[in-house]
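Okay, here's what each chain looks like letter by letter:
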Amino acid sequence: MKLRRSLRIIYFVLFITSALIQTRTALAQQPTPSDDEVNRIAHQLYCPVCANTPLDVCPTEACRQWRDLIRQQLSQGWTESQIKQYFVVQYGVRVLAEPPRTGLNWLVYVLPPLIILAGAILLLRAMKMWTKPAAAITNSTSTSGDDKPSTNEASKDDYVIRLEEELKKRK
Amino acid sequence: MLAEFGYGILVVAFLVALYSVGAAVYGDRTKSAGVVESARRAMLLIWPLITLSAATLIYLLITNHFEVSFVYSVTSREMPTYLKITAWWGGQAGSLVFWSWLMSAFASLVTLRKWDRDREFLPWVIVVTSLTTAFFLGLVVFYENPFARYWQTLDGQVLTSMFAPLNTIPLIPADGLGLNPLLRHPGMIIHPPMLYLGFVSFVIPFSFAIAALITGRTDDRWIRITRRWTLWAWLFLSFGLVLGSRWAYDVLGWGGFWGWDPVEIAALMPWLTGTAFLHSVMIQEKRGLLKQWNMILIILTYALVIFGTFLTRSGVLSSVHAFAQSAIGPAFFVFIVVTFASSIGLVIYRWPQLRGETELKSLLSREALFLLNNLLFISVLVVCFWGVIFPLISQLITGQTVTVGPPFYDRATAPLFATLMLLMGVAPLSAWGHSTVKTLGRALWKSALAALLIAVILFFTYTKNAIALVGFFLVALVLLVTIQEFWRGAIGRMKAQDENFFTALWTLISRNRRRYGGYIIHMSMMLMAVGILGINIFQTQTQGTLPVNGSLKLGNYTVQYESIAQFNGPDNRQVTRAVVGVYDQNGNYLGELHPRIDYYPDAQQNMTIPGERSSMQDDLYVLLVDWQPATANGATFKIFVNPLINWLWIGAFVFLFGILVAAWPDRELEYVRERSHRVEQTSAAD
Numbered sequence: 001m002k003l004r005r006s007l008r009i010i011y012f013v014l015f016i017t018s019a020l021i022q023t024r025t026a027l028a029q030q031p032t033p034s035d036d037e038v039n040r041i042a043h044q045l046y047c048p049v050c051a052n053t054p055l056d057v058c059p060t061e062a063c064r065q066w067r068d069l070i071r072q073q074l075s076q077g078w079t080e081s082q083i084k085q086y087f088v089v090q091y092g093v094r095v096l097a098e099p100p101r102t103g104l105n106w107l108v109y110v111l112p113p114l115i116i117l118a119g120a121i122l123l124l125r126a127m128k129m130w131t132k133p134a135a136a137i138t139n140s141t142s143t144s145g146d147d148k149p150s151t152n153e154a155s156k157d158d159y160v161i162r163l164e165e166e167l168k169k170r171k
Numbered sequence: 172m173l174a175e176f177g178y179g180i181l182v183v184a185f186l187v188a189l190y191s192v193g194a195a196v197y198g199d200r201t202k203s204a205g206v207v208e209s210a211r212r213a214m215l216l217i218w219p220l221i222t223l224s225a226a227t228l229i230y231l232l233i234t235n236h237f238e239v240s241f242v243y244s245v246t247s248r249e250m251p252t253y254l255k256i257t258a259w260w261g262g263q264a265g266s267l268v269f270w271s272w273l274m275s276a277f278a279s280l281v282t283l284r285k286w287d288r289d290r291e292f293l294p295w296v297i298v299v300t301s302l303t304t305a306f307f308l309g310l311v312v313f314y315e316n317p318f319a320r321y322w323q324t325l326d327g328q329v330l331t332s333m334f335a336p337l338n339t340i341p342l343i344p345a346d347g348l349g350l351n352p353l354l355r356h357p358g359m360i361i362h363p364p365m366l367y368l369g370f371v372s373f374v375i376p377f378s379f380a381i382a383a384l385i386t387g388r389t390d391d392r393w394i395r396i397t398r399r400w401t402l403w404a405w406l407f408l409s410f411g412l413v414l415g416s417r418w419a420y421d422v423l424g425w426g427g428f429w430g431w432d433p434v435e436i437a438a439l440m441p442w443l444t445g446t447a448f449l450h451s452v453m454i455q456e457k458r459g460l461l462k463q464w465n466m467i468l469i470i471l472t473y474a475l476v477i478f479g480t481f482l483t484r485s486g487v488l489s490s491v492h493a494f495a496q497s498a499i500g501p502a503f504f505v506f507i508v509v510t511f512a513s514s515i516g517l518v519i520y521r522w523p524q525l526r527g528e529t530e531l532k533s534l535l536s537r538e539a540l541f542l543l544n545n546l547l548f549i550s551v552l553v554v555c556f557w558g559v560i561f562p563l564i565s566q567l568i569t570g571q572t573v574t575v576g577p578p579f580y581d582r583a584t585a586p587l588f589a590t591l592m593l594l595m596g597v598a599p600l601s602a603w604g605h606s607t608v609k610t611l612g613r614a615l616w617k618s619a620l621a622a623l624l625i626a627v628i629l630f631f632t633y634t635k636n637a638i639a640l641v642g643f644f645l646v647a648l649v650l651l652v653t654i655q656e657f658w659r660g661a662i663g664r665m666k667a668q669d670e671n672f673f674t675a676l677w678t679l680i681s682r683n684r685r686r687y688g689g690y691i692i693h694m695s696m697m698l699m700a701v702g703i704l705g706i707n708i709f710q711t712q713t714q715g716t717l718p719v720n721g722s723l724k725l726g727n728y729t730v731q732y733e734s735i736a737q738f739n740g741p742d743n744r745q746v747t748r749a750v751v752g753v754y755d756q757n758g759n760y761l762g763e764l765h766p767r768i769d770y771y772p773d774a775q776q777n778m779t780i781p782g783e784r785s786s787m788q789d790d791l792y793v794l795l796v797d798w799q800p801a802t803a804n805g806a807t808f809k810i811f812v813n814p815l816i817n818w819l820w821i822g823a824f825v826f827l828f829g830i831l832v833a834a835w836p837d838r839e840l841e842y843v844r845e846r847s848h849r850v851e852q853t854s855a856a857d
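First to last, the sequence lines map onto chains A and B. Numbered continuously in the working numbering, the first sequence closes out at residue 171. Numbered continuously in the working numbering, the second sequence closes out at residue 857.
Hints in this document: simulated from the structure, not taken from any laboratory. Don't be surprised by glycine CBs; every beta carbon is placed ideally from N, CA and C. Among the clues, some could well be false.
[Unchecked claim] Away from chain B, derived, C-beta distances all over 12 Å, residues of chain A:
# : residue
1 : Ser-75
2 : Glu-80
3 : Ile-83
4 : Gln-85
[What the hints assert, rightly or not] Computed beta-carbon distance windows for the label pairs:
#  : chain 1 : residue 1 : chain 2 : residue 2 : range
5  : A       : Ala-126   : B       : Ile-654   : 31 to 37 Å
6  : B       : Val-182   : A       : Ser-81    : 57 to 63 Å
7  : A       : Pro-113   : B       : Thr-234   : 54 to 60 Å
8  : A       : His-43    : B       : Phe-630   : 26 to 32 Å
9  : B       : Gln-745   : A       : Arg-64    : 15 to 21 Å
10 : B       : Asp-326   : A       : Gly-77    : 53 to 59 Å
Could you build all of it, start to finish, from the sequences and the hints given here?
Next up, the structure:
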């Protein structure tokens, strides 16, 4: 029983290994990757030497060679993440379109939402502070004489009157 | 001799600017109107002086004086005259002179206005504008002299200096390097002046704000004086941004118009605060609220104007080390810190006087929604600012260079822009003072329902992309609400005044240009949003190497490579131009395009110019990526289909129209002002 089980495990491992080797061989033998396949990856990388230029559109000779390198790597069966990792190892994280989410780089992602949230809270508090109590609101009327939305004929007339008043003021 | 003359004039202009600052302060402190007038006249002298110096520089550019290092670096013999003139702002030193020239022109214009009612502002407006001009002139005089010349030592070393160093002889290169080919596009010729105009005109409202803070006259007078200046500043800055986008689309050869490049963001940031300011000042005018906030916004705008120039001029973007090595970088940094800190200090000093005159009555009132609008603009600013400076911080602290690219900005700003669009739909329906959910809901529901219906139709006929559908819903909502506002106003007038519809609409708009100009701007923004949604969500592309008569298919288009030719173009460029035929999905011939590569030997640089076929539906954008005559493969083409992109450019024209409507001088108003002024004078005389 134990032997049969061990054999099953060995067969399974052999099957997986052979499948992986076959896949690898098939990938290695695939035809030259198309320009679109190369550009799809190059678009996610930035030129290591030019400032803020994605690799797929960079016109320099160096970038042309890097795109050829990507084509070569793809034809050898490299995956997208392996290619990106290769460029990071060779030229640093600047080749990525965004900083990797590690260490100090977290700040780039965390700080803006925190500041915006703080701003929103501050604004809400300020608005509440500036707002009259609810009871006062019901009794108050608009002092500006501007365009309050209308819902019925009466308020439509009211709108026209206010509009006219406002236009007269500018005469 | 000419170079010395041009430089000498700049030095005089710098000294006059400093005198103007000193005299204005002294005149105000001693209450001496004569000294203030002297400061004003000194200030008026700056512009003619810089004009004279600039004319000298342009003459040197046109007449190939390559012994002047600036001329050598931005022109060549082959360049046409108009490009030699525009090379003035094509390099660092010249662009700083250009900045100073525009600044002094605006400062002169503002001091030529009638000051009778605002005499106390005058000295401080002079101080701010002259100080800003003096700063830029100082950069030119001490660090980035456009008149510096080449000198050769006896051992062959080349030096750059204004005056001959010891044991040197003048060096006159036979030809110059020529203007950067990227800057030879018509869009790029107009784009920098537009941006600079936007930048310098925002200095005017800032100077009045500072004058209001210093004099303690903190009512909304400074806002009323500068309302039109602000609108024009916003117009120039907006058009600078649009022209820059068009230039990127036509010249950079990557099929897009906006890449979230730090230089682009540097120009966008003051636009964001400027837009928030434009909305926010209305609350102060209408309701007497937000005085403190408006001061902060205009100070931020000014700081970002200088910061934007600093980013693009100091070398800090390429590396913090370049910044440290740059002579003008630290000077800019100190100027920004000092002006920002002192301005904020003044706001704190006047804080109690800047309290609101009334209270906010409802969280759904128009002023409350404008506040939310301000929060959103500032939020976009926070994202942009942090995205631009984070690589510098990372480099400084960890030594690691990182890129903060479009994925970050797209993700962070898309929800903020969507909320802004929603606000554009809701805010025009809310009232100053007080609105409730009920009143807003009643005013909004018809437009919202119609917009929803449009989104549903688009779902079945155009796209199933959720983000696009939300975007199109918001666009439809804003357009419908805005059209409804025009309709409601015109119908109201028709009934009340017995006018026909068009007369009623015309009178409505002409009597309240600011509001209806604003609504036109809202509509233009929505047209632009259609273009932005189209290219960002639906853009498709493909690339392939084709033999002659080979074809590439993308979407509804088939592009067939027909021929290629090489020839020398004007401006000494070597042109490689392909001819490609374009066919629709049924094989019908639509015409031919000519994508090309221009090689500039003087700059040793290629320019990839696309062939474009534009329609309201999309742009077919073909790039000649590569051509290898030695191989049989033919040429490599990259093709983009950019759906709806032309709505962006149409929106830009509508936007221009909207601003002109809002900012055009009001004859009736001017007449009333003049009349009241005359009455005041007569009564004073009596």
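Does the structure break any of the earlier hints, and which numbers would those be? As far as the earlier hints go, not one is violated by this structure.
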